[in-house]
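J.: So you can see what is in the structure, the chains are spelled out below.
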Amino acid sequence: MNRSTVIDAHNVSKVYNPDTIPVYAVNNVHLHLERGEFTALVGPSGSGKTTLLNLIGGLDRPDSGEIIINGVDITKLSDNQLIDFRLHNIGFVFQSFNLIPVLTAKENVEMIMHLQRLSKGDRDTRVGQLFDEIQLSDKLNSRPSELSGGQQQRVAVARALASKPQFVLADEPTANLDTKSAFNLLDIMLKLNQEENITFLFSTHDQRVIERARRVITLVDGKIASDTAPVNVATTT
Amino acid sequence: MIVLMSWRNIWRNKARSVVIMISIMLGLFAGISILSLYKGMIHSKVRTVIDRESGHIQIHHPKFKDDYLPEFTITDSQAVAKTLQIPNVYAATQRVVTSGMITTTTGSAGVNIYGIDPESEKAISKLDEKIIEGNYFNTSTRNPIVIGKKLATKMKLKLKSKIVLTFMDSTNTMVAAAYRVVAIYESENAPFDERTVYTTKSNLNNLLNIGDKFHEIAVILNHDEDLDAVTAELKSKFPDLLVETWKQVSPETELMVSTTDQYSYIILIIIMLALAFGIINTMLMAILERTREIGMLVALGMNKLKLFTLILSETLFLTFAGTPLAILLSYVLITYFNNNGLDLSGFGEDMMKEFGFQNLIYPEFPWDKISGLTAIVSVTAILSGLLPAMKALRLKPTEALRK
Ligand SMILES: Nc1ncnc2c1ncn2[C@@H]1O[C@H](COP(=O)(O)OP(=O)(O)OP(=O)(O)O)[C@@H](O)[C@H]1O
Ligand SMILES: [Mg+2]
Chain A
34 MNRSTVIDAH NVSKVYNPDT IPVYAVNNVH LHLERGEFTA LVGPSGSGKT TLLNLIGGLD
94 RPDSGEIIIN GVDITKLSDN QLIDFRLHNI GFVFQSFNLI PVLTAKENVE MIMHLQRLSK
154 GDRDTRVGQL FDEIQLSDKL NSRPSELSGG QQQRVAVARA LASKPQFVLA DEPTANLDTK
214 SAFNLLDIML KLNQEENITF LFSTHDQRVI ERARRVITLV DGKIASDTAP VNVATTT
Chain B
9 MIVLMSWRNI WRNKARSVVI MISIMLGLFA GISILSLYKG MIHSKVRTVI DRESGHIQIH
69 HPKFKDDYLP EFTITDSQAV AKTLQIPNVY AATQRVVTSG MITTTTGSAG VNIYGIDPES
129 EKAISKLDEK IIEGNYFNTS TRNPIVIGKK LATKMKLKLK SKIVLTFMDS TNTMVAAAYR
189 VVAIYESENA PFDERTVYTT KSNLNNLLNI GDKFHEIAVI LNHDEDLDAV TAELKSKFPD
249 LLVETWKQVS PETELMVSTT DQYSYIILII IMLALAFGII NTMLMAILER TREIGMLVAL
309 GMNKLKLFTL ILSETLFLTF AGTPLAILLS YVLITYFNNN GLDLSGFGED MMKEFGFQNL
369 IYPEFPWDKI SGLTAIVSVT AILSGLLPAM KALRLKPTEA LRK
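If you're matching them up, the sequences are chains A and B in order. Convert by adding 33 to the 1-based position in the first sequence; the result is the number in this note's numbering. Convert by adding 8 to the 1-based position in the second sequence; the result is the number in this note's numbering.
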């Protein structure tokens, strides 16, 4: 598979409270991500990780700069177009309380495909595959409240992949997990990355998680302080 | 999937949802009960007007009702016989009608004086059944009069009391005659009892100086549905006379029938308006509690229309959950009282009579209003859902997710 650009962000800035005490949460950031990357976004608390992920994920709009995803400048999309763009191009895993409590694990994943108007047959096949991959085929019909934190995060990963997105954004996906569950989740993400070439960009504070990333981008005060060169990026031909 | 979600969502806070459902149920139950009471009252009022007061149809000289002048009589002595020939006419009677003054030792009052044919009148106004004291015109008293209980009480009259009636005859001459009370009647309509007195037709014929002519024919039909057909036939039979249905004879009753429908809907709307605040409050709370979740749905790509549908269908479920039960419950209760009657004399026997209603009401289930009721409930649900839905649509995913 050829390498191709999925995220191309230029001069991206986000300022909170511009009229009172301005906070440069993201300050003139350039970011380039290729398909198949497994990249960690690190930095001290308040350094702008969440803000940057929200901007790239089209949840928030930058004050300046452009964010090109798969050739589309998402800063130019209308609100409604942006919602639709997110649905079809970006997978999200949040820190906690990811799942809709009234839906079963299966329904949580299925919901995304439902929003995409996939047929029942297609949905069932894909749900089957995804639950195999996250090793939770026996929990299809459990409610989130009946799942452990780690299991919930795995279902969230499955849901993020349900739409066959360009990449998956995860904001501190392991922050609320014990070590074992954290590694288990990371293993699954890595496996998906290696076997299916899924692109992951995740923020984290966890040193053990950082060690397993192939590229580490460090933010400090909204600026990229370091960007260790990608090692071993899956570039099979 | 969205409908499934909204259905499950309303059960997340069971207590709160059940409270609102029960209040909607009780509100509708009360509303339907009031409607059925109305319907029963109106029905019995219409029945009273037709079966015990005016009859289905009345015929007069076209000018008679302008000033009730005795000279405007129906001259065709065969008119009643001709009317009775029409199929579906059950009974008909002729009346002499005038207005005058009743004078006693204690005072005087204006009254309508009916000269009736005691025999055929029985089938029309059932006056004989309304007698509570004395005998129905089967005495040899020379000038007999039957008066209403209300008038008797007001003028302190008893059986055998003597009164004087004063009125104009057909030549505009003042006539006064002494009468003796032979019977006192009481109908369902106290104001009517106060201003209506009866004597015999032959008696009034003489005093009014109109030979054996008369002013009014009152007709009762076999079936209410025949009203229009028989009215048309009578009109063609008597082109020179004024033929009117009970709706024209008693316009206040007809008005009551038509305004009750409007009142019914106004009552329902007021009830639902009050309930709407509860619904809005419940939904706003539900959305506040789920801010994060809604933010996430939007983040994942749920568009505004779908989010709106989600909130609105939650509101619809919440609003409609209690409706079938309210209908069922009121149906059971109303059916019971429809069979057994609901005695409202506890509210004051005289009050109901003052308004011309019977004390025993047979409430009727307002089937004709159920579709209107459903429409009002739907509109309430949709309107109550709008504000919470707007609130949900305005949530910014980044801010909602921070919660
Ligand atoms: N809605 C907001 N309004 C004002 N300031 C904000 C807002 N969101 C974030 N900030 C500020 O922007 C800066 C970056 O915040 P952000 O949440 O992106 O940091 P972070 O790197 O994700 O931190 P953490 O590791 O604690 O999650 C912080 O100084 C924060 O206080
Ligand atoms: Mg953060």
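If you're looking for bench data, these hints aren't it; they were derived computationally from the structure. Model, not experiment: these values are computed from the prediction. Check the hints yourself; a few may be wrong.
DSS-like mimics (lysine-lysine), calculated; alpha carbons at most 25 Å apart, straight line [as the list claims (entries may be wrong)]:
#, chain 1, residue 1, chain 2, residue 2
1, B, LYS399, B, LYS377
2, B, LYS411, B, LYS377
3, B, LYS255, B, LYS134
4, A, LYS153, B, LYS399
5, B, LYS255, B, LYS162
6, A, LYS224, A, LYS213
7, B, LYS404, B, LYS377
8, A, LYS197, B, LYS377
9, A, LYS109, B, LYS404
10, B, LYS245, A, LYS109
11, A, LYS109, B, LYS314
12, B, LYS314, A, LYS153
13, A, LYS213, A, LYS109
14, B, LYS312, B, LYS399
15, B, LYS168, B, LYS157
16, B, LYS255, B, LYS314
17, B, LYS73, B, LYS166
18, A, LYS197, B, LYS314
19, B, LYS168, B, LYS138
20, B, LYS138, B, LYS170
21, B, LYS166, B, LYS134
A few chain B residues that don't get close to chain A, going by computed Cβ distances all over 10 Å [as the list claims (entries may be wrong)]:
#, residue
22, ALA131
23, PRO247
24, ILE378
In this text, a Cβ means the ideal position worked out from N, Cα and C, and glycines have one as well.
J.: Against this structure, judge whether each hint is valid.
T.: Here's how the hints hold up against the structure:
1. B:LYS399 / B:LYS377: At roughly 34 Å apart (the allowed maximum being 25 Å), LYS377 (chain B) and LYS399 (chain B) break the hint.
2. B:LYS411 / B:LYS377: 47 Å, violated
3. B:LYS255 / B:LYS134: 20 Å, holds
4. A:LYS153 / B:LYS399: 32 Å, violated
5. B:LYS255 / B:LYS162: 30 Å, violated
6. A:LYS224 / A:LYS213: 16 Å, holds
7. B:LYS404 / B:LYS377: 43 Å, violated
8. A:LYS197 / B:LYS377: 52 Å, violated
9. A:LYS109 / B:LYS404: 18 Å, holds
10. B:LYS245 / A:LYS109: Violated. LYS245 (chain B) to LYS109 (chain A) sits at ~84 Å, over the 25 Å cutoff.
11. A:LYS109 / B:LYS314: 23 Å, holds
12. B:LYS314 / A:LYS153: 19 Å, holds
13. A:LYS213 / A:LYS109: 42 Å, violated
14. B:LYS312 / B:LYS399: Roughly 12 Å separates the two Cα atoms, so the pair holds.
15. B:LYS168 / B:LYS157: 14 Å, holds
16. B:LYS255 / B:LYS314: Status violated; Cα separation ~53 Å.
17. B:LYS73 / B:LYS166: 32 Å, violated
18. A:LYS197 / B:LYS314: 21 Å, holds
19. B:LYS168 / B:LYS138: It holds: about 18 Å lies between the C-alpha atoms, which stays within 25 Å.
20. B:LYS138 / B:LYS170: 21 Å, holds
21. B:LYS166 / B:LYS134: 22 Å, holds
22. ALA131: 69 Å, holds
23. PRO247: The claim stands: PRO247 (chain B) keeps its Cβ more than 10 Å from every Cβ of chain A (closest is about 72 Å).
24. ILE378: Given that every Cβ of chain A is farther than 10 Å from that of ILE378 (chain B), nearest at about 32 Å, it holds.
Consistency with the previously given hints fails for numbers 1, 2, 4, 5, 7, 8, 10, 13, 16 and 17, ordered from lowest to highest.
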